[in-house]
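Undergrad: Residue numbers (the numbering used here), protein chains in the order written: chain A, 1 to 226; chain B, 227 to 452; chain C, 453 to 678; chain D, 679 to 904; chain E, 905 to 1130; chain F, 1131 to 1356; chain G, 1357 to 1582; chain H, 1583 to 1808.
FYI, nobody ran anything at the bench for these hints, they're computed from the structure.
Among these hints, one or two may not hold up.
What the hints assert, rightly or not - Computed list of lysine-lysine pairs in DSS-like fashion (alpha-carbon distance at most 25 Å, straight line): (1) K451(B) to K225(A); (2) K1593(H) to K1581(G); (3) K903(D) to K1129(E); (4) K677(C) to K1355(F).
To be verified - Some but not every residue of chain C turned toward chain B, in silico, with C-beta under 10 Å: (5) T456; (6) L519; (7) G604.
Note that this is a predicted model, so its numbers are computed, not measured.
We treat Cβ as the ideally placed atom computed from N, Cα and C, and that holds for glycine.
Protein chains: 8
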Amino acid sequence: MNETADIGWAKLDLGRERRTGFPEVVFCQGKPDEALVAICRTLAERQGSVLGTRADARQAELVRGALPGVRYDPVSRILSLPPESPPEPEGLVAVCSAGTADLPVAEEAAQTAEFFAARVERVYDVGVSGLHRLLGRLDDIRRARCVVAVAGMEGALASVVGGLVDVPVVAVPTSVGYGANFQGLSALLSMLNTCANGVATVNIDNGYGAGYLAAQINRLACRGKA
Amino acid sequence: MNETADIGWAKLDLGRERRTGFPEVVFCQGKPDEALVAICRTLAERQGSVLGTRADARQAELVRGALPGVRYDPVSRILSLPPESPPEPEGLVAVCSAGTADLPVAEEAAQTAEFFAARVERVYDVGVSGLHRLLGRLDDIRRARCVVAVAGMEGALASVVGGLVDVPVVAVPTSVGYGANFQGLSALLSMLNTCANGVATVNIDNGYGAGYLAAQINRLACRGKA
Amino acid sequence: MNETADIGWAKLDLGRERRTGFPEVVFCQGKPDEALVAICRTLAERQGSVLGTRADARQAELVRGALPGVRYDPVSRILSLPPESPPEPEGLVAVCSAGTADLPVAEEAAQTAEFFAARVERVYDVGVSGLHRLLGRLDDIRRARCVVAVAGMEGALASVVGGLVDVPVVAVPTSVGYGANFQGLSALLSMLNTCANGVATVNIDNGYGAGYLAAQINRLACRGKA
Amino acid sequence: MNETADIGWAKLDLGRERRTGFPEVVFCQGKPDEALVAICRTLAERQGSVLGTRADARQAELVRGALPGVRYDPVSRILSLPPESPPEPEGLVAVCSAGTADLPVAEEAAQTAEFFAARVERVYDVGVSGLHRLLGRLDDIRRARCVVAVAGMEGALASVVGGLVDVPVVAVPTSVGYGANFQGLSALLSMLNTCANGVATVNIDNGYGAGYLAAQINRLACRGKA
Amino acid sequence: MNETADIGWAKLDLGRERRTGFPEVVFCQGKPDEALVAICRTLAERQGSVLGTRADARQAELVRGALPGVRYDPVSRILSLPPESPPEPEGLVAVCSAGTADLPVAEEAAQTAEFFAARVERVYDVGVSGLHRLLGRLDDIRRARCVVAVAGMEGALASVVGGLVDVPVVAVPTSVGYGANFQGLSALLSMLNTCANGVATVNIDNGYGAGYLAAQINRLACRGKA
Amino acid sequence: MNETADIGWAKLDLGRERRTGFPEVVFCQGKPDEALVAICRTLAERQGSVLGTRADARQAELVRGALPGVRYDPVSRILSLPPESPPEPEGLVAVCSAGTADLPVAEEAAQTAEFFAARVERVYDVGVSGLHRLLGRLDDIRRARCVVAVAGMEGALASVVGGLVDVPVVAVPTSVGYGANFQGLSALLSMLNTCANGVATVNIDNGYGAGYLAAQINRLACRGKA
Amino acid sequence: MNETADIGWAKLDLGRERRTGFPEVVFCQGKPDEALVAICRTLAERQGSVLGTRADARQAELVRGALPGVRYDPVSRILSLPPESPPEPEGLVAVCSAGTADLPVAEEAAQTAEFFAARVERVYDVGVSGLHRLLGRLDDIRRARCVVAVAGMEGALASVVGGLVDVPVVAVPTSVGYGANFQGLSALLSMLNTCANGVATVNIDNGYGAGYLAAQINRLACRGKA
Amino acid sequence: MNETADIGWAKLDLGRERRTGFPEVVFCQGKPDEALVAICRTLAERQGSVLGTRADARQAELVRGALPGVRYDPVSRILSLPPESPPEPEGLVAVCSAGTADLPVAEEAAQTAEFFAARVERVYDVGVSGLHRLLGRLDDIRRARCVVAVAGMEGALASVVGGLVDVPVVAVPTSVGYGANFQGLSALLSMLNTCANGVATVNIDNGYGAGYLAAQINRLACRGKA
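Please take these sequences and the hints and turn them into a complete structure.
TA: Rendered as structure tokens:
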């Protein structure tokens, strides 16, 4: 069976689901219109579902023209065509975020994890300068199989959360801030230098990557290794 | 019960095992001699085991003077006093490394994971410029619940491995290299910008952090969430 | 013979073809309209051919107004007036690229090499996170006299390709990516730190520079040194 | 009256105490031996007290040869000759630090503030990965007129403390850490990007500067503005 | 009493005034319209006053639609609803700035300090390349309980002022400049490396942070610690 | 045939010569003594020749103890055991360097190219601040099939040479310099931003990489593609 | 006499001409319209001449509305009102530039020097990749009392010129380029690391600063020190 | 006449004095012993004088063995053999420095200028945090034809001096400082971003370069252009 669909614009990796357990995903930003539509159509036909990240509203309209069942969320910029019979959500991923401006990245993480069958608890606006907000949600966070910590500016949330839980924390620095933030560098370095254990970091603003990894860990915790 | 042991030099976090499932660990580098011995002695008494990272040979001798059962590995620079009846190793963590100079970091990851009860498969010297070496070990890697990918220079190993497995990959950039490597920056940025899914990154040369996280994921995959 | 054409706006280096074997080329981006037209017209008259890089559609229209035979490719942003009797393509340059977003840079490299008389094989969308795509095209790549490897994000393609071939690899980092990509810095550092032999790097997004160098090497391999 | 003592090696600013309320201080590191002794001797004679920072043990011996009353603390590297009748300590400055390795910088801050007549409360080893340690000392911290927060690695302590108190927090990033810490850059950027109010930052490892500023604020809070 | 107002968009920290003496403030930039209005309305109701920073004219109009008493200053971009009976201004904060382009940041600092009940003296356009301008205002500056020094480019103002006064100087680097200014990095590094005592630095362009801290110090100098 | 020799310390890639035309090379710096000797011995037995780079004098002695025929050059730090009947040198590679301090890197390039059968012309100490030195050697340079340009500080040599020849220029930035040189960054950026055509860059101080690539191009120019 | 004109918007330094020999100059970019007009009007009245840099066309129109004699050059973005009887040009400043895109910065330098009474020779488009263009103008350059060297990309022009003349060279890096140019950093570092003597550097794109300094040196060479 | 002395180790540029008015100078640091002696001997014979910079005491001894008349100053690390009948010092260069730790760089500048026949006034330890020290020496500074401003840390001295004089200021950032000084980067950026006119900058710690340029300007001011 040919696992690569060569559609001129791109070589779609249809073997990904077999190899990794999760289907191919589309990074929409910057894709030419025709390519985007062709890719989504092919994935819908061959995979039965589509997840597109970093899509703008115009792209969403375009894809919906070709695939009417597609949904679009302007906050997370996620475009999705769920499978016909989506799996039951399982386990629990907690997505924590520091400030309201981190919401788009947090939602990208949350909705990605949900697309990949994780149940998700949102714990938003719990930045460390008002610690009682975070401590007030600690029980919700501690029930999770994996925690995603999303923060810009000084990115301290990941370290504080990391010291409070017994499961992996996926840290997502965001580009929220200004000045010596240097487009997310401050939060990125903070998270890489965390004094807490069990924390690893993904790229700045990479909510998708964190959601994927959290879903993978959550699935392992629910099902073990096949 | 007082979960903090205040020994003057430091406040030892004895509640860590209860909170996180893994005991307190000692970062030896730069600790004054007296402090190091006092900390190790207290942990041995209160936790029944000690894991010390980044210890040099002189420090190891010193600690062994106070705690004769302590072992020391000069490659990983790990100093350890295992618990009296260590748990049976479980699951599988694969630790892959790119070059021979990455060995100390890879061993720090591997021995940390082993200390935290994970079974470990070592897959060393499989850098991407000789791809057949990696592909020849693929079956071993694919059996793991979590993969640690250790690489300096251009750090490409994490992306290649990430595309071949269905479990989380913890990427560890090392400071191995020279010139435009900038003490590990090149590998760090590579890993953060990986085009593969399911990859997260820890600090440069942080084998311990990767081993801890891998053990955490492995335990979740074996036992689920308590 | 005066080898410099001083046209007020610029001093055109008409001796370049004699000195280097390849004619003067125009970097269009940012050139004032009048200057661009004057330069292209002079080159067409004195050299008999024009190659313009980084041209936008408006500039292409403008030049076409003065030189009707000019062609324009919006993907590579190359504007060209081929010589009346173009030389037969010779040898083989393989241009490999990692993702669809790298296409403009890859095409700039490919079309530059073609303008300078190299035969070109395009091997696109073969990023290392789906290694089978690259391995499936290995025979095509191995026939080349020189390989151009175009990649953004972590830029691992250059190292992987470098380990598989016996000819020079010209690595082109692209600014494709976001966050800790820092406008191409991650791919640039990756490629400079490659663990593979026979790899050298040009500036970020410099498809033209890579295509030129690849054509130069290809010509040496076909004709030897004059 | 001549307020500058020109001793060949340096121009000592004897008007500083009149202008700023605090006497001239000596940064010992890198001073030639003769210069250091001459400066300390002159200050002892003209000011009646000496505070020297970043002195090593050999320098301390040297100065003690000339000024037998001088004391030296190897942890803070502070060398001092207190005035004959030192002022009564007043107010309260809390010096908090994250880890044991931050001790030298924290002590430099604490002893500087004490030299300038502030009462000091030390709250050490209260890094955010074990939050209960910090929260357990909150009452001590909240009594202070000014808080100094000393932390390396991700430097999150400053933000957490900043959200818990109603007085200024002087943040001191330290160079403690490794890898993507980049000699203190991570903690520095964290502190500059703090989401907490009332926090300002001094140079990396600049315990002296923080102690000085804290003493200044403490004095204002105790005495108001003259 | 519930000190957190959870209004869906955000968790408003109504306990802040009790904990820190100053009420919650709104960073307007980037907030969605509905969220901004909801937050301002809630704060007006629960706190009796609103301070919003980094607001543009459109946002100001919007908020004024909901809260007619709101004022807006386009230079400082501050939007404010003062309390019904504002406290009498007390003490003195001097806000110094180097050039005319630093005015917006200086005004943000000045108006923030005024909102928090400090009397403010503005000392503008006194950059160090024309030293007589600064020296001519020295008496005004020396009356202050705290000085804010705002400067872009080489940021030397903070050091010069720091050597002339006996109270804390809060340094605010601005992004004013071009080229090797790197968006404020030059002024930031200058201020962090000041050779003057009693100087601490806030983030680039963070006039609000400096005004807050200066008001806090000024209040301590006027009232002492409660 | 097993092309990987697994000697515990490392997996030697004995298939490299078949795949790339050049044998496996040893980067000596940082290798443990036993590993270095074992690797050299294995390569001598299986490949019939050894090239070791970045070796210090002690390592050279050590290897010579095991392989008496080994030669060592302290300037280039190259350790070599040539094959029994070395191939006749062919073609021509010109190695140009800017200053006397660049000599070690230039020699590493030159001797590497010679080991791989290229004839080499050395054109040293021809930095651009005394242009007549370079212009006086132009005929020698123009005879080459490939030019290596080695320079530290501002690295301008690569651009000047690139404009004078019709063959590829491999640019090697060196870490020679101080201050704003930032360990070779200035020369690296210069070379990447060259305004000349046909120039590509290798890592800072990577004389070996440049020599390898130059030999590869020289071989192509002499023999064409097999 | 009051040497500072306080016009609300700014404190104009009317003593500058007396102190430095050259009148106050206006950096137009970013000035509010009213301020710009008020400043220019005041300078025209009090100094008898105006030099404004970085003005856009709209600002020029605006100022011309108030001061009809004002001239504007869109390339250099200089706006000027020469004094009634301008001084005779004296001496010679040579302004050299590497490429056509460096023209605006070169013209800013040239016109600034001319405004300050220097005779100027323009030597444009003489970048080092076509060395004959520069060498062909050497006699013109060598007649100058001071040379300004303007270049982007690798900025090699300053070093090459510096080695050919016996007068000071003021190097101006420009932001011309892309990728690893990092907005002029490559040219800046090149020029700071020049191997030539008698070269000093101003900020990226700072044609004005170079023109001012060149005029100052030229005047010293013509008139000596007053 | 052959103006290049090729002594194996280096090509000495004996035409430099004819071309530039100043003889060839030796950068001693890192030169092999034999090369250093050979170069100094050749220059002594052919030029009649030697100036060596960055020499350590051992190198000075070595050269003195071959050339007994050589002098060595351990502070500036300058080694010199003055010409038999040195020219009368002319004009005036003022060398200002901020702190005592800047002395070696300031002396390198001063002694270089003196070697090239400038009279030099030293104005040391006049950093801007004690402004009265600088203002007290203003008359001395204003007599100079050129001012060298040497400063580390925040490097503010150059801007302050630049605003007070009517001649060129050569700014020399030093690596004096720690933390966010980043080995001189803070002073370098400060000086490049100066708000004063007539200031240009040389490399970090490049006292030699500043002394050379100042002597060149001083000579022009005294003699005009030949």
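Undergrad: Please flag the earlier hints that this structure goes against, numbers listed from lowest up.
TA: Hints 2, 5 and 6 contradicted; others consistent.
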